Amino acid sequence: MTCVGEEDVSKLEPYIQFQCSVCFLNEKCLFGDLKASDGFYPTPVFYMRDPFEPPRRVKGQKPLLSDFLVIGSSCSLCNQSVCLDKACSIYFGATFCTTCVIRERRRFPEKVLQVYEIIFHYCIRRYGKLACMLHITPLGGGQGSVSCF
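Sequence positions in the sequence shown follow the UniProt record's numbering and run 1 to 149.
Source of the hints: derived by calculation from the structure; they are not laboratory data.
None of the values given here were measured: they were computed from a predicted structure.
Don't be surprised by glycine CBs; every beta carbon is placed ideally from N, CA and C.
Certain hints may be false.
Said to hold, decoys possible - Label pairs and their in silico Cβ distance ranges: (1) R57 - E110: 47 to 57 Å; (2) D50 - E117: 26 to 36 Å; (3) C78 - E117: 13 to 23 Å; (4) S37 - E117: 18 to 28 Å; (5) Y15 - K62: 29 to 39 Å; (6) D50 - R107: 16 to 26 Å; (7) K86 - D33: 40 to 50 Å; (8) R57 - R107: 15 to 25 Å; (9) R57 - E117: 22 to 32 Å.
Stated by the list, open to error - Derived pair list, reagent style DSS-like, types lysine-lysine, alpha-carbon separation capped at 30 Å: (10) K28 - K111; (11) K86 - K59; (12) K62 - K35; (13) K111 - K86; (14) K35 - K86; (15) K59 - K35; (16) K59 - K28.
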């Protein structure tokens with residue numbers, strides 16, 4: 001005899017739709033604690049099996065972290081989904097979206113803010129100056145929106 005609740009749970013799709021709140025990267029993936037035989041991530045992450053590598057076919061061998069592709073995490077301040085792109089998030093003991101880094105810059109050490117400035121210049125090279133000025137405000141001041149892509 002099976003319970004109706006148990007049967008319904010078994011039919012649930014394990015994949016969820018991830019969308020970065022900064023760049024709007026959109027992908028179907030898994031969400032949760034990622035633990036493998038060679039390590040783990042300290043917080044829940046959005047991840048999938050690495051689509052660029054075939055799965056290992058060694059019977060009895062547990063997957064390694066390198067078998068997975070981590071897409072993103074939740075921002076520790078605003079709880080929005082954010083990908084791991086340099087223009088979208090910073091990891092400093094936890095994951096922070098660049099929007100929160102800008103808005104809450106007084107809460108971050110100077111070294112972290114200097115890293116963010118480097119990322120802002122990376123963003124200019126990657127997306128172009130106009131796109132970055134419209135979406136990311138440099139920490140040195142200036143007018144612009146604090147929202148990102």
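Consistency of the hints with the structure:
In this structure the hint that R57 and E110 lie 47 to 57 Å apart at CB holds, the actual value being about 49 Å. A C-beta distance of roughly 32 Å is found between D50 and E117, which places it inside the suggested range of 26 to 36 Å. Between C78 and E117 the beta carbon distance is about 21 Å. The supplied range of 13 to 23 Å therefore holds. In this structure, S37 and E117 break the distance hint of 18 to 28 Å, their C-beta atoms being roughly 38 Å apart.
For the pair Y15 and K62, the beta carbons lie near 21 Å from each other, so the given range of 29 to 39 Å is not met. A beta carbon spacing of about 34 Å between D50 and R107 contradicts the range 16 to 26 Å that was offered as a hint. As the Cβ distance of K86 to D33 is approximately 24 Å, the hint placing it in 40 to 50 Å is violated. Our hint of 15 to 25 Å for R57 and R107 is violated, since their Cβ atoms are close to 47 Å apart.
Our hint of 22 to 32 Å for R57 and E117 is violated, since their Cβ atoms are close to 46 Å apart. Taking the CA atoms of K28 and K111, the gap is near 34 Å; set against the 30 Å cutoff, the hint is violated. For a cut-off of 30 Å, the pair hint linking K86 to K59 is broken: about 37 Å separates their Cα positions. A threshold of 30 Å between alpha carbons decides the hint, and for K62 with K35 the separation of about 10 Å falls inside it, so the pair holds.
Among the hinted pairs, K111 with K86 is consistent with the structure: their alpha-carbon atoms are about 16 Å apart, no more than 30 Å. Of the pairs offered as hints, the one joining K35 and K86 holds, with about 24 Å between alpha carbons and a cut-off of 30 Å not exceeded. Between K59 and K35, the direct Cα distance comes to roughly 19 Å. Compliance with the 30 Å bound is thereby established for this hinted pair. For the proposed pair K59 and K28, the alpha carbon gap of about 27 Å is at most 30 Å, so the pair holds.
Checked against the numbered hints above, the structure violates hints 4, 5, 6, 7, 8, 9, 10 and 11; every other hint is satisfied.
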